[in-house]
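Residue numbers (the numbering used here), protein chains in the order written: chain A, 6 to 358; chain B, 311 to 490.
Calculated directly from the structure, the hints in this document are not laboratory data.
Just so you know, these numbers come straight off a predicted model, no measurement behind them.
Don't be surprised by glycine CBs; every beta carbon is placed ideally from N, CA and C.
Wrong hints could be hidden among the right ones.
To give an idea of the interface, some chain B residues facing chain A are shown, with a C-beta separation under 10 Å as derived from the structure [said to hold, decoys possible]:
1) 359
2) 374
3) 375
4) 378
5) 379
6) 381
7) 389
8) 390
9) 465
10) 467
Label pairs and their computed distance ranges (CB to CB) [what the hints assert, rightly or not]:
11) 37(A) to 395(B): 25 to 35 Å
12) 89(A) to 488(B): 53 to 63 Å
13) 437(B) to 333(A): 42 to 52 Å
14) 350(B) to 297(A): 32 to 42 Å
15) 395(B) to 322(A): 28 to 38 Å
16) 217(A) to 376(B): 29 to 39 Å
17) 352(B) to 296(A): 57 to 67 Å
18) 480(B) to 37(A): 36 to 46 Å
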Amino acid sequence: MSADILALSWDSLDNLWAQSALKSVGILAAVLLPAGTFVYLFLFKMVSFMQSRLGPMETGPYGSLQLLAEVGKFLQKEDIIPERADRLLFKAAPYLVVSTVLLVYIVVPFGPDMTFISGAMTGGIFFAVAIASVSTLGVIVAGWASANKYSLMGGLRAGGQLVAYELPLILAVVGVVIQAGTMDMQQIVHAQAGGSIFGVDLIGNPYVLTQFLGFIIFMIAVQAELAQTPFDMPIAESELVTGYMTEYTGLRFLLFFIGEFASAGAFAALGATLFLGGWAVPAAWTDLNNNLFNLLGPIIMVAKMCILGGLIFFVRFTFPRLREDQLQKFAWVILIPLSLANILATTILKVAF
Amino acid sequence: MIAVLAAAAQNADAPVYVAQNVAFGIIAALMVFSAIRVVTTANVVHAAAYLVMVLAGAAAQFILLGAEFVAITQVMVYIGAVVVLFLFGIMLTKAPMRGEEFARRDQWLAGLFTSVVLFGVLIYGLLDGFGRSKIPQDLQPTLTGEVSDSIFGTYLLAFEAISLLLLAAAVGAIVVSKRD
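With these hints in hand, go ahead and build the complete structure from the sequences.
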């Protein structure tokens, strides 16, 4: 019995355990590769270019192995827990944040058969935004459990910000769901690939065109959900040290770091699927059920994710930080009414056409 | 309780999902343990963490029943919003660090009374509504479309009434908190 489980030959792929093992490896790759790509491509190289410097150049060709060196550095560091910290919650919080990111990826399709859940998940996008909202809990608990006033203030700021920007994020997604008529991510991809704009199906119907307002609101809300500048008050380093991460060292700090960039990847994957057509190319070009797309799909997907990730980090390194009251006002007074208007317009047009 | 056990024993021979029942038992035990810890732990933040366990367990039970949409809503509304607001409120007012016991227990009698009454009403409602009916063996997940069809079709009036009630409650909360 156990020999069957361990034998990962191609014949045993029907085996549930073999499939689950492969999917676990796949999901780690899907989470870590975009995160690593984002850090190297944007955090190391793009910002260096924008600031007229070279960035890391010593480790490997063009500093491409710098990430491995960084991980090695963090793994060596001493694991410090503050004396008055709440030990259990302090230890658990980083894992909660990272695990929510891993769970977001399981509903994202990477090809016609490249899905982590076999069969349709009818509530796909709803599941993704619901699970993403749980990471708020990890951040608040991390801030409280550190027994440090800067951590607590960072955690509180993060909590208020994530709650405020979750609403426009979901409302922006609702526009796409109305237009596609489904919450299943795979169906949303097919709706975009097979769609047409006024009868022209040459480029399908990527919702970034018809849902442009929704796309803008989605990206702004993602920027705030990820706590990237101009919305980085939770970790404002000139005021709060590093906010809720202040007391974390070594592996746990690394987990928060991975969580930040992996969730940038996760939201980029959601945005690419919802607005840029996901893994597919327009259905007018070729047959989408071709097995080739199981190989091409992930590559197309990563390319689209890099476009959105580049946008996130370009904004991060371009804009100054807002004030806390400006941030809250922006969400409640501008973004939420706009996204409600977007839903109303989408509904009317959906019924009219 | 005895009535439930008797009802369960009477059709114990009907075919059921074994794996589902095992999972139900494990999750239910975890939920009961966490629910007791919610009211017995001295630290309010720990109580909120145990509350998360209870709510996540409820979501898992909904998944076992094939109610995907309700399960995701449970996670989003209760864990992602309500508990976050609880923690937010606790920390904004008084966030006791480790070792400072402060949870008040002088309302335990009222709490006990409420929970016993609620338990009785729920058990009566369950037995009255479902009696001895069982989950079918070929259980299919309820599609989100079916849920929305019944909300915006069969139960439209009730849905609108609840929406209005919640809106009134939200406006009322703002008015109460704005009063100087």
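So, going through the hints one by one against the coordinates:
Annotation: residue 359(B) was flagged as interfacial toward chain A, and the flag holds, the nearest CB pair being 7 Å apart, inside 10 Å. Evaluation of the residue 374(B) hint against chain A yields a violated restraint, the C-beta minimum of about 16 Å exceeding 10 Å. Given the 10 Å rule on beta carbons, the hint for residue 375(B) is violated: about 14 Å separates it from the nearest Cβ of chain A. Interface restraint check for residue 378(B): the shortest CB-CB distance to chain A comes to about 5 Å, inside 10 Å, so the restraint holds.
This hint holds: residue 379(B) has a C-beta 6 Å from the nearest C-beta of chain A, less than the 10 Å allowed. Among the interface hints, the one on residue 381(B) holds; its C-beta lies about 9 Å from the nearest C-beta in chain A, closer than the 10 Å criterion. Satisfaction of the interface hint for residue 389(B) is found here, the shortest Cβ-Cβ separation to chain A being roughly 6 Å, below the 10 Å cut-off. Interface restraint check: residue 390(B) against chain A, minimum CB-CB distance 3 Å, threshold 10 Å, status holds.
Annotation: interface hint on residue 465(B) violated; nearest CB of chain A at approximately 19 Å, more than 10 Å. Here the hint on residue 467(B) is broken, as its CB sits about 21 Å from the closest CB of chain A, past 10 Å. Here the CB-CB span from residue 37(A) to residue 395(B) is close to 33 Å, well matched to the stated 25 to 35 Å. The beta-carbon spacing between residue 89(A) and residue 488(B), approximately 37 Å, falls outside the hinted interval of 53 to 63 Å.
In this structure the supplied range 42 to 52 Å holds for residue 437(B) paired with residue 333(A), their Cβ-Cβ distance being about 48 Å. Take residue 350(B) and residue 297(A): their Cβ atoms lie about 59 Å apart, and the range 32 to 42 Å is violated. Checked against the given bound of 28 to 38 Å, the beta carbons of residue 395(B) and residue 322(A), roughly 33 Å apart, stay inside it. Evaluation of the 29 to 39 Å hint for residue 217(A) and residue 376(B) yields a pass: the beta carbon distance comes to about 37 Å.
Look at residue 352(B) against residue 296(A): about 59 Å separates their beta carbons, and that is inside 57 to 67 Å. Checking the proposed 36 to 46 Å range against residue 480(B) and residue 37(A) shows it holds: the Cβ atoms sit about 42 Å from each other.
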